[in-house]
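Chemist: Model the full assembly from the supplied sequences, consistent with the hints where possible.
Sequence lines, in order, name chains A and B.
Counting in my numbering, the first sequence runs from 49 upward without gaps.
Counting in my numbering, the second sequence runs from 2 upward without gaps.
Any given hint could turn out to be false.
Straight-line Cα separation of at most 30 Å, DSSO-like style, residue types lysine-lysine; simulated pairs [as the list claims (entries may be wrong)]: (1) A:Lys-103 <-> B:Lys-214; (2) B:Lys-214 <-> A:Lys-125; (3) A:Lys-61 <-> B:Lys-92; (4) A:Lys-123 <-> A:Lys-148; (5) A:Lys-61 <-> A:Lys-84; (6) B:Lys-370 <-> B:Lys-26; (7) B:Lys-92 <-> A:Lys-224; (8) A:Lys-53 <-> B:Lys-92; (9) B:Lys-26 <-> A:Lys-61; (10) B:Lys-370 <-> B:Lys-25; (11) A:Lys-103 <-> A:Lys-222; (12) B:Lys-370 <-> A:Lys-53; (13) A:Lys-222 <-> B:Lys-92; (14) B:Lys-116 <-> B:Lys-214; (15) B:Lys-116 <-> B:Lys-92; (16) B:Lys-92 <-> A:Lys-103; (17) B:Lys-13 <-> A:Lys-53; (18) A:Lys-53 <-> B:Lys-214; (19) A:Lys-53 <-> B:Lys-47; (20) B:Lys-114 <-> B:Lys-219.
Distance ranges between label pairs, derived from CB positions [stated by the list, open to error]: (21) B:Arg-183 <-> A:Asp-54: 45 to 53 Å; (22) B:Gln-62 <-> A:Glu-74: 51 to 59 Å; (23) B:Ala-46 <-> A:Ile-72: 14 to 22 Å; (24) B:Glu-304 <-> A:Ala-111: 39 to 47 Å; (25) A:Asp-54 <-> B:Asn-141: 22 to 30 Å; (26) A:Glu-113 <-> B:Arg-4: 55 to 63 Å.
Calculated from the structure, these hints are not laboratory results.
Note that the Cβ used here is the ideal one computed from N, Cα and C, for glycine as well.
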Amino acid sequence: MNTAKDVILTRIKSALADVPSAPIEEDAPVTWEYGKVAEMPAILDVFVDALEDYKATVYRVSAAEVPKTVVKALKSKGAHSVVLPAGLEASWREAIHHAKIGIHDDEPPLTAPQLNEIDAVVTASRISIASTGTIVLDHTPDQGRRALTLVPDIHVCVVAADSVVSDVPEAVAKLKASITAGQPLTFISGGSATSDIELQRVEGVHGPRKLLVVLAE
Amino acid sequence: MTRLTPAPPPGKLIDSPPFKVNAKKELANPVLRKNLRFATHTIRAKRRLRVSEVGEEAWQQLRDAAAEIKDRVARHLDTYLLQLEETLTAKGAVVHWARDAAEANQIVVDLVKAKQVQDVVKIKSMVTQEIDLNESLEANGVAAWETDLAELIVQLGHDRPSHILVPAIHRNRSEVREIFLREMGRYGTPAPADLSNDPPVLAAAARTHLRNKFLAAKVAISGGNFAIAETGTLVIVESEGNGRMCLTLPETLISVVGIEKVLPTFDDLEVFLQLLPRSSTAERMNPYTSMWSGITPGDGPQELHVVLVDNGRTQALADEIGRPALRCIRCSACLNICPVYERVGGHAYGSVYPGPIGIALTPQLRGIKSVIDKSLPFACSLCNACADVCPVQIPLPEIIVHNRNRVAEAKQSERRPHLETTAVGAMTWVWKNPKHWEKMLKLAGLSGKALAALRVQSLGPLPPPISAWSNARDLPAPPAQSFREWWKRNREGAQ
Ligand code: SF4
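Modeler: Take a look at the structure:
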């Protein structure tokens with residue numbers, strides 16, 4: 049028996065002596081309507097505006113143009129080496145290979161110092177939120193484990209247009225499945241930033257300093 | 002014994018002198034006041050913009066929902082904590098319970114020692130500051146490195162945080178440069194000798210200084226913004242990516258979480274992920290939010306400990322007026338809007354929680370025994386600006402007034418009948434409700450105008466029992482414009 053646990057639970061019970069023993073929903077109702085879809089006519093435009101507000105680079109291309117755009121994005125930042133998650137779309141990998149950018153696989157898993165020597169990472173994504181310009185990774189095989197999108201300094205992230213939702217509630221509702229499946233989630237809104245010195249926003253502290261988004265329409 | 006990390010100022014926060022003594026000292030520092038004024042005004046304006054994007058009505062609906070969800074948690078806290086323990090355990094985490102700071106520190110120290118490491122990396126966390134974990138680790142031969150930029154500035158500056166979100170808000174760029182130049186080399190990678198005071202250059206120096214610490218770290222310590230009972234998910238909201246480094250690279254993660262941080266369901270996040278970033282850093286969304294549910298095989302730490310900390314929270318829970326203070330999501334909007342905080346800064350409060358939430362919550366968590374805790378409820382003009390911006394609608398002035406009454410009552414029972422408490426008793430109706438206060442100020446303000454016309458500088462004796470208080474306090478003539486009226490006219494538009 050965990051005594052601290054017992055003591056804390058007993059303290060809580062006596063602190064809440066005023067709370068009637070009604071069902072939770074009755075005693076403390078929550079009137080909020082969950083998972084509401086926000087009305088948004090030009091959803092992709094909203095998404096791109098919000099991303100650019102964070103100083104991310106955005107390429108809007110057709111699905112067929114994604115492989116060459118991924119290469120273009122990598123080259124624009126001078127990436128010579130890239131780590132690719134195991135489940136990445138084969139055509140993207142091929143284009144990167146043809147462009148003679150050094151590919152590293154995470155098999156066996158790279159150590160943190162090894163990842164630190166690699167310039168870039170290319171991933172897919174799970175869901176994006178237009179109103180806040182947020183990309184969510186659920187770290188399934190086309191995105192790789194969390195360290196891959198953290199240590200290299202350049203992140204090229206491909207977002208499928210049909211994975212962009214209006215606002216936070218819609219995204220949270222859709223991400224429940226990933227959480228239930230035990231996946232971690234990373235919400236990315238622009239690149240790493242800080243406002244800790246005189247509240248001036250500085251892009252790029254510890255996370256990837258360059259975020260390039262390829263929006264496949 | 003030589004220290005492993007920079008020593009903070011000596012003494013314990015709870016032994017601080019009373020607020021007005023500290024405030025006097027801080028007010029004498031013009032650099033501090035300039036830094037604070039600039040910072041709080043900047044963030045206020047940005048917050049207002051981000052909230053207006055959501056729309057007034059939608060924002061209010063979010064605040065209502067947040068308050069309802071948090072009240073549900075508070076009123077059924079035992080149920081949700083047990084559920085959280087169950088879901089976390091099912092997903093491979095080890096759950097620990099800590100009655101107070103000493104117990105929480107001991108749990109963490111034992112866990113870290115079992116790993117035989119000399120260093121741990123830390124994500125900025127209010128609860129680990131509250132329990133003073135870093136000093137416990139230091140005393141046990143473990144160096145805890147703060148990795149948030151502002152926390153790093155504070156740690157290297159042998160300083161204490163002065164704001165819950167921007168802990169180094171009292172420092173300007175030149176001060177940061179000096180601290181980095183002087184201290185970084187003593188504790189790891191030095192700052193480049195030609196370091197300028199340009200914020201991007203300073204941030205880059207922090208990146209370089211911390212990178213090797215991240216890559217080598219075996220154990221990380223975090224707090225938690227939210228803990229989801231339904232799914233056993235912990236959530237960290239951050240900006241820089243230092244949090245992701247700590248949550249992802251080390252083998253072991255110890256998350257220290259206040260018991261009030263639990264949320265019933267994953268869906269509840271849709272409310273808080275909208276309110277928190279806009280209220281805190283005034284962004285549509287903060288750069289990074291991480292969520293993890295126990296252990297994920299092959300991804301991130303393979304050992305996870307969650308320490309659930311009471312440390313006075315059940316005391317606040319038992320106080321029906323103080324209870325809503327436990328809704329706080331530590332956004333800091335109330336600090337940024339507070340006219341008292343803006344002038345004196347966070348160090349005057351003798352608590353890791355300064356500003357309106359500090360004077361509402363600290364005397365709830367720590368009680369009202371120390372001189373600082375007795376004085377905190379009076380560090381407020383009851384202008385109500387904090388309650389207006391609070392995303393979870395904590396009735397801060399009401400709790401502050403209630404804390405005043407507790408202090409007054411305690412004094413009364415401690416000592417012989419005291420003039421001040423008699424007056425306090427007579428003025429209870431005024432303080433109980435901000436609306437009463439406003440009414441009184443309005444009345445006083447009106448007569449103030451009349452007095453101003455007559456060039457009356459100070460009021461003559463007031464009728465008892467108020468006279469007992471006012472004579473001792475050298476009550477000045479009320480201003481022609483009450484503070485709240487003045488605030489409404491001059492500040493709200495400029496938020
Ligand atoms: S009391 Fe409200 S405004 Fe202040 S920090 Fe907490 S949540 Fe934010």
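Chemist: Please list, smallest to largest, the hint numbers that this structure does not respect.
Modeler: Of the numbered hints given earlier, those the structure breaks are 5, 9, 16, 18, 19, 22 and 23, listed in rising order.
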